Each structure stands twice: as structure tokens, then as C-alpha cells.
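Novice: Below are the chains, spelled out letter by letter.
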Amino acid sequence: MRKFLAITAAAFLSLPSFAMAQQTPPTAEIVSAANNLLATLSAEQHQRVLYAFDDANQRARWSNLPTGFVPRGGISLKQMSAPQRNATMKLLATVLSPMGLEKVNEIREADDDFKGNGSKRGPGGQGGPPPGGQNGPPQNGPPPQFGGPGGTGGPGRGRPPLSGDMFGSDLYYISFLGTPSTTQPWMLQFGGHHLALNITIAGSKGVLTPTLTGAQPAIFQLNGKTIRPIGRESDKALALLESLDENQRKHAVLAYQVADLVLGPGQDGKKIVPDGLTASAMNAKQQGMLLDLIAEWTGILNEPSAAARMAEMKSDLNDMWFAWSGPTTAEPGSNITAYYRIQGPHLVIEYAPQRDEPGNHVHTMYRDPTNDYGSGLLRP
Amino acid sequence: MKWKDTAIAAACLLLLGGVALAHRVDEYLQATIISLQANQAQASMRLIPGVLVAPSVIDAIDSNHDGVFSESEKRAYAQRVLGDLSITMDGKTISPQLLSWSFPEPAQMREGLGEIRIEYRVELPPGAQHRALTLANYHLNPTSVYLMNAVVPEDPNIRILAQKRNKVQSVYELDYQQTNAVGALSGSSIGRLQHGSTIFSLQGFSVSGCVTSPKGPITFFFYWCCCFPLRCSPLARAGFDPQVFIEAFSAFSASSRHSPWATP
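The listed protein sequences derive, respectively, from chains U and R.
Residue numbers for the first sequence follow my numbering, beginning at 1 and rising by one.
Residue numbers for the second sequence follow my numbering, beginning at 1001 and rising by one.
Here chain U stands alone, though its shape is the one from the complex (with noise of 0.2 Å):
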């Protein structure tokens, strides 16, 4: 009886998201509101941001680090007119969940943040505001090879523009590889500071790896109201630790230190030697945590993907592995100061408070080594 009723609840909680997947995902509407903003540029707009679906340079062109250091391909809002950045607001809201949409909004809106407060430690612990923010600093020199190839040439393929924009919601950019379709290939890519969000569409099917999310401020203030845009993901993981039993946690808490992300960018479909706390050690409540906590990431994109995203990690649960290193607590309402990672075939999850300022800066990971920029949905 005990072994019925687990049963039929494992399938009652797999229904919905079986649902999901059998709904016909909204690609048309993503087409149709790709077309909408492709129709509102330029021919010169038009050329920047539109690139060969092969083009494994634009594909690498993102970072954790601002536009003015990194330069990003494509057209930033701040060079759209109202009509197109509009347009590309809609678009956002069709590819991504509401959830998708608060978030890298909640990123831009991190980065006007530091734009004008700066960060709260600042040189000598005073803070302020940076000089880029305002009119950005001079850019002497190529740009950095960091975080991707540099390209030569053509809109959006070389140095950054000499009006150093560093900071701001407004520069984050798009691009498109190939061309946007209900039947073809394609990708989308928006970004900036702190975010890259790689979107690969195949017919019904949407992936959004490899994508980076991360902000700086990681707590601050808008209009009253108190804004964490990588709250979630660092609530629920402490949570998920410290339901955790003691012999758990010796598996989960690593007794070294992890100074960065290990697969951040140009770390392209690498799978690494997992460690920490394996999934099928969880109890099913334990379990449960995990995936709810892996959904901050697979809920970016909209949700038809993200149902289809989270049946597999449902999938590969008992192959999933939770790692923590760092300080096991956090006052509430305040972000951890710890790294972790989750590993599972088709995963790669990581949160890595930077070491300047670790609360208040995070960079995060979202990878699936078999599937970066859906490579895997290309394989005969």
C-alpha cells in the first residue's frame, strides 16, 4: 500500500510538468516577436546583430565582467530607439518565465546600482561611485581576451566604442544567431554585466545553456523596497544544507576552499570530476529541495522549456551531486558567503560569492556540458 501511494504521488508530481512538455512551447510567438524587433532596426542596426548560427567567436562573446571591459556583439538598448528596445523587452518576456524576467531585470537594475552608489566596501571601505558609471574610463589597449575570443572587424566584433560605457541597464546587448525560425536552429543572446544569457531554439525545443547570472550589488535598495536579484538561489541552498543530517553535511561541506567559478565562461562542455553529497544520499523532502533549488536556474527560460529542462533532472536525480564550501551560516535576509555546486550528467550548476565583497557579489553558472549552446539537440 505504502509502495502504491508513493507511486501514484511520484506520478501525480510528475504530471504537470509531463503536461508541460506535451504543450506546443510558444516558439512561434518567440519567432514572431524576434521578427517584430529584426523589422524595427536599421540596415546598419540589422547587420550588427545578426551573426552566423556557426559563429563560434559570438557564441563565447559573454562574461561576468561589464561591456566597457568585454565587449559584447550585437546592439545594446541604450543604442535602441524606444519603439526597439520595446521590442526587445517583448521578446524577453516570450523566451523567458515571468520569474526569467524578473531576474534579469532585477540584474539591470543592480547594475544602475552600481552605476551610482558603487560598491558598499569600496577602496579602504568608503565606497562610491565608480568613475565609469558616469562617463566611463578611458579604454586604452585591445580588449581583454577574458571570457571569450576576441574578434576583429565588422559591428559589435572588435574594441568597445572610446565612450566607455561601463555601467548601466541600459547596456546590455542582443544578438542573434541565425535566424530566428520555427523549424531551424537558432540562438538568441542577451547580456551585459553580470548576465549571458545563451538561448538555443530548435524547432519545440529551448535550451539556455550556457548562461551566467551574478549581480553586484547582491542586496540593495529600490523604491523602498528590498531587492536580492540571486536571493532564491542562495536561500534555498542553505536551506538544502541545513536540512542536511550530520553525516550528510561531512559529504556535502568540502574541507577546501573554491576561490571562483570552476566553469565559468570559455569553459565551454566541460564535465568535471563531481564531488560533495550525491542526490540518491537525500531523503525524498532533501531531494525535493534540490530540484525546487535547480529551478531557479531551469524557470529562467519559459516555461514549456523549463517543464521539458526539470523532467530531466527529475531524470537524473539519483546522479546529482551537492557541494558547499565556505562559512555554513548567513544572517537572514543576507546573502551566503559560501560557493557550491550541483553536478549531474546534464548539469552543472555553480555559486560563487567573489571574494571582494562575498555577500553582496555573486557570479553563478548554469551549464549542461552535453547541451551548451544546444549542441546536443543538433547531433543526428
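Hints in this document: simulated from the structure, not taken from any laboratory.
Treat the hints loosely; a few may be bogus.
[What the hints assert, rightly or not] Quick list of in silico lysine-lysine cross-link-like pairs, BS3-like style, CA-CA up to 30 Å: (1) R:K1167 to U:K236; (2) U:K225 to U:K314; (3) U:K314 to R:K1092; (4) U:K271 to U:K314; (5) R:K1092 to U:K225; (6) R:K1074 to U:K236; (7) U:K78 to U:K90; (8) U:K270 to U:K250; (9) R:K1074 to U:K285; (10) U:K250 to R:K1164; (11) U:K270 to R:K1074; (12) U:K225 to R:K1167; (13) R:K1092 to U:K270; (14) U:K271 to U:K236; (15) U:K250 to R:K1167; (16) U:K271 to R:K1167.
This structure is a prediction, so every number in the text was calculated from the model and none was measured.
Position chain R against the provided structure of chain U, taking the given hints into account.
Specialist: Same frame as chain U, now just chain R:
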């Protein structure tokens, strides 16, 4: 020169304020990812000096202080990095061979953005089934933070058993099982078994080596009494698999192997 660079970097940091805080400041990140194959391991290193560390790294690379990284200076620095590594296979030191390198411009490094990339390879001598590859990085130790990882081997004959790291990840040990290593030992006339300071070199039916550890003679006895006769016996020729004895031998050898594990 070094002090001048440091002063300039500090001034830049103050000038840039929060900008500098958007990335690494006072640490030298050294990240290594090892790719393990049957007879060799290839490693990819990313070295990212923070804005306050960059002047000393630039100073170390730009040996003639002309403000430009020449090819010979780049190569020399890459070799210096490799020279600061200590790599052992089953306790025996092996030397890395430099494969490739790329360096950012000094100006980028001064901004804390430059990323040096170094690729190298180590040849892995044949050995027992249970193996331990150890990598210790002593390059600019006081200012550095480290990441050490291995990619999941594509070779189905290699199975990772354990990873060990010291607290700062400057030392990394990868314990693994290589099933085709036994084949190499039994199938070829040349093989090598290592057991701490006890090394047997097998060549056909002759054995040469030195037996210095307390367990060495036992290992010697075990192998010659159990494993080796089985490999040569009519049973073996009739298809009997002596794997179980080899496994036991390997496990015994691994359990008593001296580990070079140490925190620098």
C-alpha cells in the same frame, strides 16, 4: 620598477574605485583542469592576476623591462610556472612538457583583466591498476588562490576513485583505476609495478628491483606466489582469469603506497 608598478596599480585602484572591485583585486587565481588519458594527462591552466598582484607578475614575465612581452619571455614564464609544479605518478616524479601558451597585453593585466593560458602534458608511465596522480602548484604561493579539477575521463577503462585536495587547492591528488593497466602488465613483456619505495621492473621472466619498504617482501612474495604463476600456468592458458588475484594485489599495493600528499 616593481614598486613603481605597484604604486601605479594602487593609484589606479583608488581612481577606478568600484570598477576595480568588479573583478579580482589582490589575488592571483591559478585554475587547472586536468584531462586524464591512458598514457598521458593534459592540463590547462588559467592564471589571472588581480590588479594589485599584476605588477609583480608583469615584472616576472617582462624580464628585460621594456614593457612588451616577447615570445621568448612568454615561453620562459610558462616554463617557470611548470618549474614550480611538482607532479608525481604513483609517487614518482614526472616532468610536464609545455604545449602552448597565450598571454594578454601588459595593459590588460594592469587592469586585472588579463588571463594567461598555459597547456601542458605529462606522460604517464605504465603502472598498476590503482593509480595516483598528484599535482602540487607552488607558483607565487603567497598571493595565489587555486582551483584544481579533472574532467571526467572519456576512456571507459579509467575510473576515478577519489580526489584529495589541501585546504587551498594548491595540492591535488587524483586516485583512479585503470583496468587496461593490468592488461598491459600481463600481456606485454615489459611492465612496472610500484609499491611505495619498492619498485619491481618485470621483463619477461626476470625481475630486477629493490625491496626497501617493510611490506615490500610481502608484496614480492604475494605476487610471485599467486599472481605471476597463475598468469603463466596452464589454467591461465586455458582461459582462467587471474583478475581476482591481480585485483587483490593491486589493492594491497595501493593500501600501503606512500603518498606524496603534503600541504606546502
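Novice: Against this structure, judge whether each hint is valid.
Specialist: Now for the hints, and whether the structure bears them out:
1. R:K1167 to U:K236: Answer holds: K1167 (chain R) to K236 (chain U) is near 26 Å, not above 30 Å.
2. U:K225 to U:K314: Violated, at roughly 35 Å.
3. U:K314 to R:K1092: Violated. K314 (chain U) to K1092 (chain R) sits at ~44 Å, over the 30 Å cutoff.
4. U:K271 to U:K314: 19 Å, holds
5. R:K1092 to U:K225: 60 Å, violated
6. R:K1074 to U:K236: Violated, because 45 Å separates the two Cα atoms, which is more than 30 Å.
7. U:K78 to U:K90: 16 Å, holds
8. U:K270 to U:K250: 27 Å, holds
9. R:K1074 to U:K285: 53 Å, violated
10. U:K250 to R:K1164: 15 Å, holds
11. U:K270 to R:K1074: 27 Å, holds
12. U:K225 to R:K1167: Distance of about 39 Å is beyond 30 Å: violated.
13. R:K1092 to U:K270: Cα-Cα ~29 Å, so holds.
14. U:K271 to U:K236: 24 Å, holds
15. U:K250 to R:K1167: 15 Å, holds
16. U:K271 to R:K1167: 23 Å, holds
In summary, the numbered hints that this structure violates are 2, 3, 5, 6, 9 and 12.
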